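Asker: Each chain, written out:
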Amino acid sequence: MKWEILFEQEHPLWLRFLVATLVTASLVILFSIVPYSSNTALLMTCLTTCCLILVSATEGFWPGLCVGFIGFFAINYYYVVPVRVLPATVTDYLFLFAYWTLNLMMNTVTALLKRAYKKSCSSESEMKKNRDELQISEARLKEAQRIAHLGNWELDLRTNKLMWSDEIYRIFEICPVAFGASYEAFIKAIHPEDREKVNSAFTNSIKSKTPYVIDHRLLMADGRVKHVIESGQTFYDKNNNPLRSVGTVQDITERKLMEEELRKAVTTRDEFLSIASHELKTPLSALYLQLQLIGRLINKDNSTTSPQIAELGKKSVIACSQIIKLLNDLLDMTRIRTGKLELHKQAVNLSAEVKNTVALMSEEVTKSQCVIKVSAEESVIGIWDPSRINQIISNLLSNAIKYGQGKPIEVVVQLNKNEKSAILSIRDFGIGIPKDMQQKIFQRFERAVSGDKFIGLGLGLYIVKQIIEAHGGTIKVDSEPGQGALFVVELPLQNEEER
Amino acid sequence: MNNNQHKILLVEDSESIRSTLKLALELEGYQIQEATDGVEALKILTSSPAPDLILLDMLMPNMNGWEFVEEIKKDSQSPLSKIPIVAVTATSEKVQRIPKQIENVIKKPVQLDQLYQVVRRYCPHED
Numbered sequence: 001m002k003w004e005i006l007f008e009q010e011h012p013l014w015l016r017f018l019v020a021t022l023v024t025a026s027l028v029i030l031f032s033i034v035p036y037s038s039n040t041a042l043l044m045t046c047l048t049t050c051c052l053i054l055v056s057a058t059e060g061f062w063p064g065l066c067v068g069f070i071g072f073f074a075i076n077y078y079y080v081v082p083v084r085v086l087p088a089t090v091t092d093y094l095f096l097f098a099y100w101t102l103n104l105m106m107n108t109v110t111a112l113l114k115r116a117y118k119k120s121c122s123s124e125s126e127m128k129k130n131r132d133e134l135q136i137s138e139a140r141l142k143e144a145q146r147i148a149h150l151g152n153w154e155l156d157l158r159t160n161k162l163m164w165s166d167e168i169y170r171i172f173e174i175c176p177v178a179f180g181a182s183y184e185a186f187i188k189a190i191h192p193e194d195r196e197k198v199n200s201a202f203t204n205s206i207k208s209k210t211p212y213v214i215d216h217r218l219l220m221a222d223g224r225v226k227h228v229i230e231s232g233q234t235f236y237d238k239n240n241n242p243l244r245s246v247g248t249v250q251d252i253t254e255r256k257l258m259e260e261e262l263r264k265a266v267t268t269r270d271e272f273l274s275i276a277s278h279e280l281k282t283p284l285s286a287l288y289l290q291l292q293l294i295g296r297l298i299n300k301d302n303s304t305t306s307p308q309i310a311e312l313g314k315k316s317v318i319a320c321s322q323i324i325k326l327l328n329d330l331l332d333m334t335r336i337r338t339g340k341l342e343l344h345k346q347a348v349n350l351s352a353e354v355k356n357t358v359a360l361m362s363e364e365v366t367k368s369q370c371v372i373k374v375s376a377e378e379s380v381i382g383i384w385d386p387s388r389i390n391q392i393i394s395n396l397l398s399n400a401i402k403y404g405q406g407k408p409i410e411v412v413v414q415l416n417k418n419e420k421s422a423i424l425s426i427r428d429f430g431i432g433i434p435k436d437m438q439q440k441i442f443q444r445f446e447r448a449v450s451g452d453k454f455i456g457l458g459l460g461l462y463i464v465k466q467i468i469e470a471h472g473g474t475i476k477v478d479s480e481p482g483q484g485a486l487f488v489v490e491l492p493l494q495n496e497e498e499r
Numbered sequence: 001m002n003n004n005q006h007k008i009l010l011v012e013d014s015e016s017i018r019s020t021l022k023l024a025l026e027l028e029g030y031q032i033q034e035a036t037d038g039v040e041a042l043k044i045l046t047s048s049p050a051p052d053l054i055l056l057d058m059l060m061p062n063m064n065g066w067e068f069v070e071e072i073k074k075d076s077q078s079p080l081s082k083i084p085i086v087a088v089t090a091t092s093e094k095v096q097r098i099p100k101q102i103e104n105v106i107k108k109p110v111q112l113d114q115l116y117q118v119v120r121r122y123c124p125h126e127d
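Protein sequences appear in the order of chains A and B. Residue numbering for the first sequence follows the numbering used here, beginning at 1 and increasing consecutively. Residue numbering for the second sequence follows the numbering used here, beginning at 1 and increasing consecutively.
Hints were generated in silico from the structure; no laboratory data involved. Note that this is a predicted model, so its numbers are computed, not measured. It is possible that part of the hints are untrue.
Computed from the model, here is a short list of chain B residues facing chain A with C-beta under 7 Å [stated by the list, open to error]:
no.	residue
1	Ser16
2	Gly29
3	Pro61
4	Met63
5	Ile106
6	Lys108
7	Val110
8	Gln114
9	Gln117
Calculated pairs, DSS-like style, for lysine-lysine (alpha carbon to alpha carbon, straight line, at most 27 Å) [what the hints assert, rightly or not]:
no.	chain 1	residue 1	chain 2	residue 2
10	A	Lys340	B	Lys107
11	B	Lys22	A	Lys314
12	A	Lys402	B	Lys107
13	A	Lys188	A	Lys226
14	A	Lys476	A	Lys355
15	A	Lys367	B	Lys107
16	B	Lys107	A	Lys345
17	A	Lys281	B	Lys74
18	A	Lys188	A	Lys340
19	A	Lys315	B	Lys22
20	B	Lys73	A	Lys355
21	A	Lys476	A	Lys345
22	A	Lys465	B	Lys22
23	B	Lys7	A	Lys314
24	A	Lys238	A	Lys226
25	B	Lys107	A	Lys325
By construction, the Cβ of each residue, glycine as well, lies at the ideal position given by its N, Cα and C atoms.
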């Protein structure tokens, strides 16, 4: 192995020719010492040849050529009869020429051999380098798979040979030796209740030539259940015969457990809100009734009670009704969240409902100094839940009053041109809604203005939107801050699926 | 303020609401009979003279409003089936459909003005 260094090293030019000169000088000195005989002539020729090959191989073509050129000239001088005479005859020159030709050939062959050797060396080292890199990246992949709990598999569909990466064995908690690598054996490792599901997902994917992704469970030997997400894809030959399937398995047990916890927490919260609201509702209803009754008794007897008490009586009724409204919003929210918002549909005239609601809110309207202008077509009749429709109208109207700054409010009810839906638009000219809030106002607990100025939970528009969507409709808002807001509700007269 | 003692049967499971409604109606001069659920209401109906009006909560234990209505409207010949019934219920209760036989609905939370208005329709003042 150490010899390789000799050939691979690239000496500086001066060193290469120094070596050549030293070798040549040694040869010439040797020749001058060793006397001529036919044996020594042959020996020295061989020695010179060896030297020139060696120099050529280690130091390169030109130093080798120098050694040969001078060396063979010296051979010619010392060992070709007549010895120790400079070439003079034609024969002498023929010999010299033959020697030099030999020199050239030797050098050329050596150079070629050297180049071939170098090439083989470099390709070998490149292969080694590649091998090392491959090993490193394979190790990295394994590490990544272990960290991500993600394994990959490959199934040869012709031989039914299944390959698993190490991580899959770890996820499935199966010893590579004990596991018979085949698709059937793989199915066996799956939770019994999910086997059919996984099998059909896989076979359907092969048939339909589309990749598949499926969540399923694994049943461990000790009864633990793991959740994995499995995805795969199949490759086909020219005639559309499936060749091989490749895919991944990821252990998502931790994520599943966390999701489960989260879901439970949300359900508990919704249940709590629902129960709390329900429990509060009955005593509040009684309180509301009692306050009204007190107010009535005070009014009847107004000769003896002070006007302040009468005023307090009135205010307490309003406060109580506000609490009830908030509570109803909370209840509606929990209904929506738990999918229990039920619609009891019947024929409803939207125009009539709008006029009714406006009339019912007359007190609120007068107080706000807004003027409500209603322009409604005679009958805009659809199949809707009347109480929910009222909720939409009164919510949007009371928002318009609340944020309308006492300016006029325009309400329009009309049939859409296609006569398949009704359009209710409510426009106010009040404080308006900033652009970045215009979508947020339909989310839970979102309000465009701070809670100090206007009371509320920020549920009104969320509930309105949910009710409208439950009816298959849409709500849009258009607003410029300071110039008011326009809410447009579109409700299909009949829901598509019920038609 | 004597309404010639119009008699009203008040069926409501919540004690606080029932007692307040009773007081409110008594102040208007009506005579009130109380029941906490459908079963008790049926008992009262069969054991004493028929009332002029039944105010009925829909969500109640034992026998709810729907069952009660079905029970007394079962026999259309019976005098009981002729008594007008007004439901007193929250609009967004779980099962909301009000039976056809019910004459009118008072929404919970009860607005006193609306209560008087509706009740007066069935038990008019005689002055």
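Asker: Hint compliance check: list the failing hint numbers for this structure, sorted ascending.
Answerer: 2, 3, 4, 5, 8, 9, 17, 18, 20, 22, 23 and 24
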